[in-house]
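Number of protein chains: 2
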Amino acid sequence: MKKRPLILVTNDDGINAPGIRALVEVASQLGDVVVVAPDSPQSGQGHAITIAEPLRMKQVDMFEGVEAWECSGTPVDCVKLGKHVALKGRNADLCVSGINHGSNASINIIYSGTMSAALEASLEGMNSIGFSLLDYSWDADFAPCLPFVKEIIAHVLENGLQKCKLLNVNIPRADEADGIKGIKVCRQAEARWVERYVESVDPRGQKYYWLAGDFVNRDNGEDTDVKALEEGFISVVPSGHDLTRYEAIGPLKVLEQNISIES
Amino acid sequence: MKKRPLILVTNDDGINAPGIRALVEVASQLGDVVVVAPDSPQSGQGHAITIAEPLRMKQVDMFEGVEAWECSGTPVDCVKLGKHVALKGRNADLCVSGINHGSNASINIIYSGTMSAALEASLEGMNSIGFSLLDYSWDADFAPCLPFVKEIIAHVLENGLQKCKLLNVNIPRADEADGIKGIKVCRQAEARWVERYVESVDPRGQKYYWLAGDFVNRDNGEDTDVKALEEGFISVVPSGHDLTRYEAIGPLKVLEQNISIES
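Here the protein sequences line up with chains A and B, keeping their order. First residue of the first sequence? That's 627 in the numbering used here, and the numbers climb one at a time after it. First residue of the second sequence? That's 627 in the numbering used here, and the numbers climb one at a time after it.
Please note: incorrect hints may appear among the correct ones.
Below are the BS3-like pairs computed for lysine-lysine, each with C-alpha atoms no more than 27 angstroms apart in a straight line [what the hints assert, rightly or not]:
hint, chain 1, residue 1, chain 2, residue 2
1, B, 789, B, 853
2, A, 714, A, 629
3, B, 714, B, 853
4, A, 789, B, 879
5, A, 789, B, 789
6, A, 789, B, 853
7, A, 879, B, 807
8, B, 833, B, 629
9, B, 776, A, 684
10, B, 789, A, 879
11, A, 776, B, 807
12, B, 879, A, 807
13, B, 789, B, 628
14, B, 853, A, 879
15, B, 789, A, 853
16, A, 714, B, 833
17, B, 714, A, 833
18, B, 776, A, 879
19, B, 807, A, 833
20, B, 833, A, 853
Think of the hints as simulated: they come from the structure by calculation, not from any bench.
With these hints in hand, go ahead and build the complete structure from the sequences.
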């Protein structure tokens with residue numbers, strides 16, 4: 627009998643979030659699950675790591691029959707420290723992160739703790755998938771997407787990944803009348819946040835600013851994640867960590883010759 | 627007479643760091659400078675943003691003749707809120723971030739607050755450069771690299787950037803016997819951190835973990851930033867925010883057909 631795969635589950639909304647509970651349920655059908663997730667919400671933490679203070683790990687009994695740990699750090703800390711403590715230095719066969727309450731499509735990938743945790747796992751050498759549902763509410767309905775989540779995890783467990791180790795999976799909201807249409811493999815849309823700050827005065831008379839912001843997509847491509855989601859499809863973007871813009875290396879070579887440093 | 631360019635200066639080591647003082651001095655020779663930097667050290671913050679609490683901005687008189695603000699948030703918050711408050715919604719002609727105390731070459735770019743601030747500025751539409759010196763100490767000697775920093779800033783102000791909006795510039799340590807050899811335009815090396823955790827017990831008897839870790843470069847390419855730095859050159863990597871692994875889209879297309887969801 628084939629050995630069940632080992633699956634590390636994490637997120638950024640915290641170990642109490644309904645989204646991770648849904649993901650643990652699906653992952654447990656396909657392998658042996660170890661959960662290592664933040665003990666408090668960590669949205670917007672990006673690829674932050676904790677270097678200036680110590681971290682705590684605490685084993686908790688929250689998911690029936692599943693080993694689970696809460697970690698005091700960021701999502702990236704959870705993966706690093708989870709590998710060290712919970713997995714005793716081993717890699718899992720797969721890391722899944724989420725299901726995030728809210729979109730991580732397009733540029734959201736770089737702000738997202740969910741995706742940064744998944745990216746960190748890919749740096750460790752694990753195949754890794756981040757899942758996000760386009761519904762920020764705490765009582766979002768994850769049920770319609772779970773068969774798709776299961777199929778994508780099963781596909782990666784069975785077939786592995788080629789030429790990447792990380793998938794960014796975003797899932798449209800689906801109600802009964804308008805279900806999920808299917809899956810599209812996409813590129814990351816060239817969209818961005820246009821910040822807005824709510825300005826106000828605190829009870830002590832000091833001015834403060836609170837981030838709001840609007841997501842603006844100016845990318846009209848048919849092959850983007852944002853477009854697929856608008857059309858009711860799940861978007862899958864193979865992703866990585868090489869930020870080099872190779873096409874810009876040539877034009878910059880002048881820098882190597884042109885510098886006239888006074889010596 | 628040509629109008630002096632407007633330069634936004636930020637960092638992640640905090641507004642008190644010697645590295646930002648060196649950068650402000652150089653930038654002031656080339657343009658009108660506005661500083662917006664964290665009020666405390668923010669190393670390792672990656673692309674974290676503050677969404678769950680309010681932010682503060684305070685104008686400070688720390689750099690002679692230069693408008694400066696300290697911000698309670700992360701480096702990315704500094705750029706977003708700096709644009710909103712200090713620049714009153716305008717873009718600067720250039721954003722420079724650093725000079726970081728320590729390397730941001732290779733995979734460090736994704737953990738780095740310095741580079742994430744610069745990346746955020748590029749998302750806002752500004753040309754942007756992050757500078758880092760391969761010396762973690764607070765009293766690092768920035769003097770040998772300042773002529774190079776000035777030339778790179780001047781080059782970008784005069785010529786702009788083609789096919790990218792962001793440069794990751796790393797600078798080797800230089801002592802008198804062995805100066806900086808020049809500049810190389812590179813790609814990001816495929817290196818990573820192998821984590822180590824120091825485990826100990828706190829005064830209350832609770833176990834804790836503290837991140838250590840070793841930087842491991844397994845990339846033997848001659849064209850990487852790590853290689854250039856080892857040879858005594860400044861590395862310049864044109865960088866961006868599109869994490870898509872385009873070469874992996876084709877092999878994944880099977881996901882669009884193969885899914886057999888029970889309906």
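Status of the hints after comparison with the structure:
1. B:789 - B:853: holds, 24 angstroms
2. A:714 - A:629: Holds - the C-alpha atoms of residue 629 (chain A) and residue 714 (chain A) are around 19 angstroms apart, at most 27 angstroms.
3. B:714 - B:853: violated, 41 angstroms
4. A:789 - B:879: holds, 13 angstroms
5. A:789 - B:789: Holds, at roughly 24 angstroms.
6. A:789 - B:853: Given pair residue 789 (chain A), residue 853 (chain B) holds - Cα atoms ~24 angstroms apart, limit 27 angstroms.
7. A:879 - B:807: holds, 16 angstroms
8. B:833 - B:629: violated, 59 angstroms
9. B:776 - A:684: violated, 49 angstroms
10. B:789 - A:879: holds, 13 angstroms
11. A:776 - B:807: Not OK: residue 776 (chain A) and residue 807 (chain B) at ~54 angstroms, beyond 27 angstroms, violated.
12. B:879 - A:807: Distance ~16 angstroms between residue 879 (chain B) and residue 807 (chain A) Cα, so the pair holds.
13. B:789 - B:628: holds, 26 angstroms
14. B:853 - A:879: holds, 17 angstroms
15. B:789 - A:853: holds, 24 angstroms
16. A:714 - B:833: It holds: about 16 angstroms lies between the C-alpha atoms, which stays within 27 angstroms.
17. B:714 - A:833: holds, 16 angstroms
18. B:776 - A:879: holds, 17 angstroms
19. B:807 - A:833: Violated, because 49 angstroms separates the two Cα atoms, which is more than 27 angstroms.
20. B:833 - A:853: violated, 48 angstroms
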